[in-house]
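Based on these hints, arrange chain B on the given structure of chain A.
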Amino acid sequence: MSDFQTTNPVIKWIEYRLPVFSFLDHAIGTKYPTPKNLSYWWNFGSLAGLMLVIMIATGIVLAMQYTAHVDYAFDSVERIMRDVNYGWLIRYIHMNGGSFFFIVVYIHIFRGRYYGSYKAPRELLWMLGVVILLAMMATAFMGYVLPWGQMSFWGAKVITSLFSAFPLIGEDIVIWLWGGFSVDNPTLNRFFSLHYLLPFVLVGIVVVHIWALHQFGSNNPLGIETKGPQDSIPFHPYYTVKDLYGMGVFLAVFAAVVFFIPNAMGEADNYIEANSLVTPAHIVPEWYFLPYYAILRSITFDIWFLSAKLIGVILMFGSILVLLILPWLDRSPVRSSKFRPLHKQLFWVFVADCILLGWVGANPAEPPYLYFGQAGTVYYFAHFFIVLPLLSVLERPRPLPSSISEPVLKGGGTAMGATTKPMEKA
Amino acid sequence: MKRIIAGILGAALLSLGAQAQASESKALPDYSWSFDGIFGQFDRAALQRGYQVYREVCAGCHSMRLVTFRNLADLGYDAEQIKAFAVETTVIDGPDDEGEMFERDGKPSDRLPSPFPNDKAAAAANGGATPPDLSLMAKARPHGPSYIRALLAAGYEEPPGDFEILEGQNYNTYFPGNRIAMAAPLDDDVVEYQDGTEASVDQMAADVSHFLMWTAEPKLEQRKEMGIKVVLFLLVLSGILYAVKRKVWADLH
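Sequence order for the protein chains is A and B.
According to the numbering used here, the first sequence is numbered sequentially starting from 1.
According to the numbering used here, the second sequence is numbered sequentially starting from 427.
Keep in mind that the hints were calculated from the coordinates and are not lab data.
All C-beta atoms in this analysis are idealised placements derived from N, C-alpha and C, irrespective of residue type, glycine included.
Heads up, a few of these hints could be off.
[As the list claims (entries may be wrong)] Heads up, incomplete: computed chain A residues facing chain B, CB under 8 Å, no partners named: (1) 233; (2) 237; (3) 248; (4) 249; (5) 255; (6) 263; (7) 271; (8) 272; (9) 398; (10) 399.
[As the list claims (entries may be wrong)] Straight-line distance between alpha carbons at most 27 Å, and here's what the computed DSSO-like set of lysine-lysine pairs gives: (11) B/655 - B/645; (12) A/31 - B/673; (13) A/227 - A/31; (14) A/157 - B/546; (15) A/31 - A/12; (16) A/338 - A/227.
Isolated chain B, as found in the complex:
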């Protein structure tokens, strides 16, 4: 009886796992990331390259409304570099003492600029489909970083013969439903990396996915570092409490 139940449980769990993977889209490649695992951390160079890809390619259509310029310090930039990034942008501020709105240079405390004033403008400029905000994208999709990388680097293909693609749609094997409004955004060398890394499509897709994991989970490093200490502390504490328990219970009988 126990064996039958164990079998049922096992089968249920297995299919639960399989179900999590399966949808209309292709199974994701098994990418590895420097931030995987309990000791995992971000790769600063990849983050900076990813930010460059975001800035020069993605930011044309996608907003990043939860990230401020000052947050870029996490990527290894110093205060001067961050100020330089911010100054490149123009922010509408106000109203001033005359009640007028005015334009000024960006400051480190500003959010990264959005390419469109609102969702309707974004949709109007993109054939009716609003490019989603990317701040949380890496957490808003199952296996986010790998999904984004696969979608950008390996997903765009010629549709199978009988697959109908409408005007303004593109075929992508990793996108749920396979019809994505965004045309393949990356081509080899669309970005010239400041650190000299070769800007292949796969490299750029990996870097920008890495960067998006940081924008979605900026406290990941702090969290994992603290986690090691907390879990070790609790294990030692449990060990001591177990010894105390043995000692207290030893006097029974």
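Excised from the complex, chain A in its bound form:
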């Protein structure tokens, strides 16, 4: 409080009673030194925050026009699309916003994976991020049910039915989740309620995520700690303006999809009203769930007393929960893949594996897709439980620079080039 200097009497008056200005200064200002070498991959954290705000803002407005009842839900969405002023715009932003939220968050996560942002002392920061991902997935899943189209209904049916795989109490869990003996009005109502609640829970976890971030500050492309003032710059104005620029570019891409191809990432079947008597030919989830869906369906055999379905469910949830222990699976002391020649390559193999699983998830669970899915699932878990622990021991990392300033200053010839170019490369 006392370290905040100003001559403006109004700010002084407020600051004395409510130290909001020094709080901001600590949060994003001069008291929050940030590594000077962050690349544009570090923009995706603020972009995720932006998406959360956009989703909550559009969602609140949509909820004013939406009717959570099986007889009216589909038509109320169409009324938003046709008769509500700019309803089509709000709805297309919200609908595609879900996809873009996941695009941004997946890039954010893979950036953390590549540069080792999950390693000590940022393990809790990373684990909070995994919790955010889980909450996001639950929110997205329930939100997709609300328009009450065919994929809404059958997606809800397939995913909630998974819980029946648990022995003894499985069937009861499913009835409890549904609030009845099928996906019906009680299910739609509770999904709407939770879909409205969870984003605010998300905001809470995000605040703690950022709190944890501020303890040690951002990791950086070199993966070494800042060694002094020459390695860092105040967050404001340097990263505020860089984040704003990133938001401009991101919003341009987002707007292009919303305005020109708003249905490209959706399923045509969801423009057919839910019908419990007609099963769609292929029930597929939204694209951002496809890899997990592939893992779920890749298990086609029972093991001992475990049914194939139960193993699939466990592996599907496990594929995300394993991220919680990632900091202890990857024991390499070097964070950034820039200095880990093997991890760098295997990271891209892992990315390719996720895309392969996504492709399998979009296809029917039959040969040859099934075999690709099984191979992809094996590699997915092998990467965590075999590859990463082995790399920690076997890999010989390249020497680390002594400080962030060293390679930055070495970068270019002219003074201008030396300051900007190396920083803007990923």
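Same frame as chain A, now just chain B:
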């Protein structure tokens, strides 16, 4: 290593694209539409012809429950013409002050009339298969407008010798599974176009598909017009923000 991964990614993406096209039915012809692309708009004349085809042919069996008569202003009709369309229909309204339901002429605020009172009646009158509502059909099928046009104009063929077709089924190459309950609905000149266009099967199929794209996505023109402005604005804004960013960062070192 990078090349191998790029290869895997490329192959995965290619087959993903191929998969989206492939199902049991034939690949769609490559029709072009005036509403394609970021500057694409509806063709008013085609919409009006399409509405005529819908009204005189499709509406015998298919409902259009999300569209009201007043929406037809988008097709270029004025208030008098819309009133004239509405008046042709009879709507059951009520109850009145005596508690009785009564019949009245349609108004522009009414929905387009449904041919059957409910799905069961529709199924009973159509050999057990309910003709689907057409309001959203162009968005409820992949590549909707082209699919509808192909199905109507080019899909009906003699089934191959070994292909079994039951009573009440018709063979259509573009319909998933190839067995469609609807008999070929269009013949040359089943409609006499008010604007004098020759009513060939392909022309009518194209027009009604165009019309169905409008019923499914009535805000398409407004959306694309606004999109151009919004995206241009954001690109300029990004350019300015980039310049600001360069300026702010220039003082480092």
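Evaluated hints:
1. 233: With a closest approach of 7 Å, the residue 233 of chain A hint holds.
2. 237: 5 Å, holds
3. 248: Hint on residue 248 of chain A: holds, closest Cβ of chain B at ~3 Å, below 8 Å.
4. 249: 5 Å, holds
5. 255: 5 Å, holds
6. 263: With a closest approach of 6 Å, the residue 263 of chain A hint holds.
7. 271: 4 Å, holds
8. 272: With Cβ-Cβ at 5 Å, under 8 Å, it holds.
9. 398: 17 Å, violated
10. 399: 22 Å, violated
11. B/655 - B/645: 16 Å, holds
12. A/31 - B/673: Holds, at about 22 Å.
13. A/227 - A/31: With a Cα-Cα distance of about 16 Å, the restraint between residue 227 of chain A and residue 31 of chain A holds, given a limit of 27 Å.
14. A/157 - B/546: 25 Å, holds
15. A/31 - A/12: It holds: about 18 Å lies between the C-alpha atoms, which stays within 27 Å.
16. A/338 - A/227: It holds: about 19 Å lies between the C-alpha atoms, which stays within 27 Å.
Consistency note: the structure conflicts with the earlier hints numbered 9, 10.
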